[in-house]
Structures are given as structure tokens and as C-alpha cells.
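S.K.: Respectively, the protein sequence lines represent chains S and R.
Residues in the first sequence are numbered consecutively from 1382, following the numbering used here.
Residues in the second sequence are numbered consecutively from 1127, following the numbering used here.
Don't take each hint at face value.
Claimed, not checked - Selected chain R positions facing chain S (in silico; Cβ < 8 Å): (1) Ile1133; (2) Phe1136; (3) Ser1250; (4) Ala1259; (5) Ala1263; (6) Asn1266; (7) Ala1373; (8) Ile1380.
Simulated from the structure, these hints should not be mistaken for lab results.
Each residue gets a CB set at the ideal place from its N, CA and C atoms; glycine is no exception.
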Amino acid sequence: MTLSYILGRIISAIPTILLLTFMVFISIHLVPGNVIDIMMGTQNYLSEEQVQELTAELGLDQPIIVQYFKWLKGLFTFDLGTSLRTGEPVSQMIADKFPITFELALMSIIFSLLIGIPFGLISSVKQNTPWDYSFRVLGLVGLSAPVFWIGAIFIVLISGTFTNYTLFGFVPFLKEPLKNLQIMLIPAITLGIMIAAQIMRMTRNSMLDVLSQDYVKVAKAKGLKGSKVIFKHALRNGMIPVVTTAGIQLGYLIGGTIVVESMFAIPGMGRMLLDAVNQRNYPVVQGVVAFIGIMIVLLNILIDILYSIIDPRIKLTD
Amino acid sequence: MEIKKLIRKFCRNPLNIISFFLFIFILFTALFPSIIAPYDPLEMDYNAFMTGPDSQHWFGTDQFGRDILSRIVFGVQKSMQIAFLAILLASFAGTTLGLLAGYFGKWVDQIIMRIIDAMFAFPSIILALFIIALFGASVNNLIIALGIVYTPIFARTIRGSTISLKQQLYVLAGKALGKGDINIIIKEIIPNLGSILIVTFTTNFSTALLSEATLGFLGLGVPPPEPTLGGMIGSGSDYLMSAPWVALFPGLIIAVIVLSINIIGDGLRDTLDPRNIK
């Protein structure tokens, strides 16, 4: 039952993946000017014959749909072409940079859950008290402050007060784990504040709903301790919408890494994408954007599965 | 329901009133920047490079000696303009797609919603970045890019409402009387989408402002020297140590604008939510 549900979910994602990769592929062809001109940049001294040769070599003379399926085949065999600047395979570049971005995103999510859930919980249990009001205002502020502004404030504050703290100078985790975590901490918090605010608001709303349910009232009437009612009966059900929120925020998180990585000089995938956009390095842009799209579709499936673990009432049948 | 009642309900929260007047002031600033701004946003004061906030330049000056307050005021205008037109575009495109998908269902729904699903797979900022990367950064391209980015949200929301509206008795009655589909959509369905459109518009207007600022920060917004809030933070972050005001003031203003819109959005949602009406 479970397996067939998972399989069904994966199969239903196939048209979405095909469509999104097609959109990424076709958009590059909408760019004014042809790919050869873009590749050669301003130094296009090729003769007519050479241009034709290159066109044939790159398969640009074939119908667009044939080109798409060739590119798609490449996508699934991890052959995404090569960078126009360095000649390095795009898939290798993604493989090198993605772990860094993943670490950043993971640390942000952990931070936002650690802050968002307890704050939201306190807010709901102590509804309409000064605690609740201050957390709600904090939540709204967190939701409204742009991530690059929060980053700028952190940089000013930390380099001003803790002169010994190293903010910049990325080192890989495998090389110097502690230093890596120290350098990634502030960027991860910067990125996580907005999600923490979202999770806090969601936790509060959802817990308020759950706390007014009959089964919670019954549990209280039975004489159970307040904390037991909350942690044993209410929290698990209250967490369901929170998982959705965390899932929806994944996209924001991946987008946000672009900003945070370029602010804190972290050599991750987001910064690579930004550089590629600025250099008009289309194979890299195409590869990274398609990779992100597919990854998010797959992560959403994972979240659906996660639901059923939290909430056994959701049957894994399609 | 009467408008008066709704207004009274909205005003019950003092935060709503404060935000509303703050937003009116921001709107006024955006409409008439030259009244508020003390200087020309492009004028360079050669005697004041990166001077801190003082009585002459309230928010200080930037690396070219330009008055930051004046640049913020004109930046607010540009950002609001782009975000507003983008969301307007998105609400038109998204409402049309959502109505078609929700009302006609079947294959129309399938085709439209698969495309919307595929678009949802991209984080909004990456989709916008991608479109800007392809067509270049200009005011018009920014509006189109952000308009495309926010279309799926409207389409999905409107589709949901349309599906529930089309099962209402008065719509079914109209159908039974032989009214045409277009007639029903225009006369029966669209007028009932009002409150959901208002709420979706406000909540997404604030995120569009943030997206526009983010693109500006990344150097992919409105090209310089025209001031935009995101662009000011982007170029100011090179001087965070020596002149933090260059980047921090524009950021503060974005946060205040977005905060006021978010509070208004929350307030509107509470006001218009049928569950809250007693």
C-alpha cells in the first residue's frame, strides 16, 4: 500500500518534471540572438563555414523537439553540457557546490524550527497575554524584513562588537568542521529568520485550532496535566500544517541562498547561479535552474510522505 | 454586508489604523516624491561623500555624495510602481487562467494546472532571475518577470474559489435557465471573487516588493543610476563597515513598507473572513 502510493506520487510528478524542464529549455531559445553568438561573445571571428560546423556539432540544426529530448537525456545521465567560461562539466559544478548550499539550507531549517515552534507554542498557550503580543509582533517583523537587510545588520553588529568572530572566509566542512559551522551559523540564521516567523505564525494558528477541539477539552477534563495535554495530545496534530509551511518554504530557502551566499561570500550553488546569470553562461543557468525545479518537485513528494508519518489518519492510498 | 460594518471591524485593531495611515503616507510619497525629497536623487554633493546622518542629510549620503533620503523617496516610487503593475498583471493573467480551469474543468483544467504546477516548482526569485537573465534588466522586463512569477498564485486561488462558486444554487439556476458560460462567469462568478482577490492582491503585493528589492540587491533590478531600494542596499553593502547607513536605511524603509502592508493584509483577511463575522 505504502509503496504503491509512493510510486504513484512519483509517476504523477513525471509530467510536471517534463513540463518544467521543457520550459527551462525552450526559454533559452527565446533569447534574442543565436546561441553561437552568445557563446562567442564579442569576439566572434568565425567564418560562415566554422559557424555552420559548430552549429552541427552542437546539434543546433536539428528540430527543437529533438534538441530538447537530447538535452533531457543528458539531464538524466548527468550530462548538462559544459560551462561556456571554464569548459568544466555543469553537472560536476553542481555536484561540487550543491552540498554547500544544502548545508546552509539545512542549518536554516533547523534554526527556524527551533525558534518557530516553541515561540508559536508559547504564543498559543498564552493567547492574548503580553507574551503572545510580543511574539506576534516579532513574527510580523521577521516576515517583513528583507533577508539582505537582516544580513547587513548582522555584519555591522557582529564585526562591530565581536571583532574576533570570523564572518567570512569559507572552509569546507570536511576540512575544518568547527570553523565551517561557525562561518555558516550567521548566514543560516539570516536566511532562517523569515521562515522562523512563518513557522511561528503557523504553529500558533494551528495550535489555537487544536486546543479548542473536544478531545483536548476531554483530556483536560480527565484531569491531565496541562503540559501533558499539550505535548501528548495537541502538539502532534498541531504540527501537521506546520510541516506544510516548512515544505512551502523550501523554495524560498533555495532562492534565499542566492542572496545569503553572495552576501557572506559562500561559494555555493546560489552564488554560482548568480555569477552564471551575470556572465550569460547559459548552460550553467539552464542546468542549475532545471536541477532546482526537479529537486523541489521531489522534495514535495518527500514532504507528502512525511505527513503520513506525523498523521497516521492520512492513509497512504491514492 | 455593509461597508460601514466592515470598516468598523477593521478599525477595531489600532495596529490596523496605524498601518493604514502609514501606508497612505507611503502612497503619497510614491505619487509625489518631489514634494517629500529634499534633494535631487541623482545630484552629487562633492563636499559630502559618505557623510553620516546630520541636519543637512538626514539619512547621510552615499559613495557619490547623493542624498540617501531623496534616493529612498524616489526608490520607493519605482519599487511600488513595479510591484503594483506586476501584481496587476499577475492578477489579470492568474484570474483568467484560474477562471478557465475552475469553470470548464476537464482537459482545460488539466492543461492549465499542469503548467501552473511546473511554474510552482521554481522558487519565485529563481524564476524571476531566470527571466531577467534571458531578457535583460529593465523596468518593463521586471514588471513582466514578476508578473509571470506571481501568476500561478492567483490562478490556483481563483480556480479553487471558482470550483466552489460554480456549484452554488444561483449559478446552477442560471445554467438551467439557459444562460451562456461567458454570461455566468462575468455576471455571477467574477463579482463574488472580490474579497479573495483583495486579500491575495495585498499579501502578494508585499512579497512582490521584497522580490523586486532582492533582484535590485543582486544587481538585476532597474539599472543604475536610477535609485531603487534593493539596488541601494546592494551597492551600499560594500561599505557596511565604513558607512553602514548607506545600506541600512533603505532596508529599514523596505521593512516598514512591507510590515505595514502585511498588517493591513492580516487585518483585511480577518475582516473579510466569513468565519469571523458574527
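S.K.: Of the hints given before, which are not true for this structure?
M.R.: Hints 1, 2, 5 and 6 not satisfied by this model.
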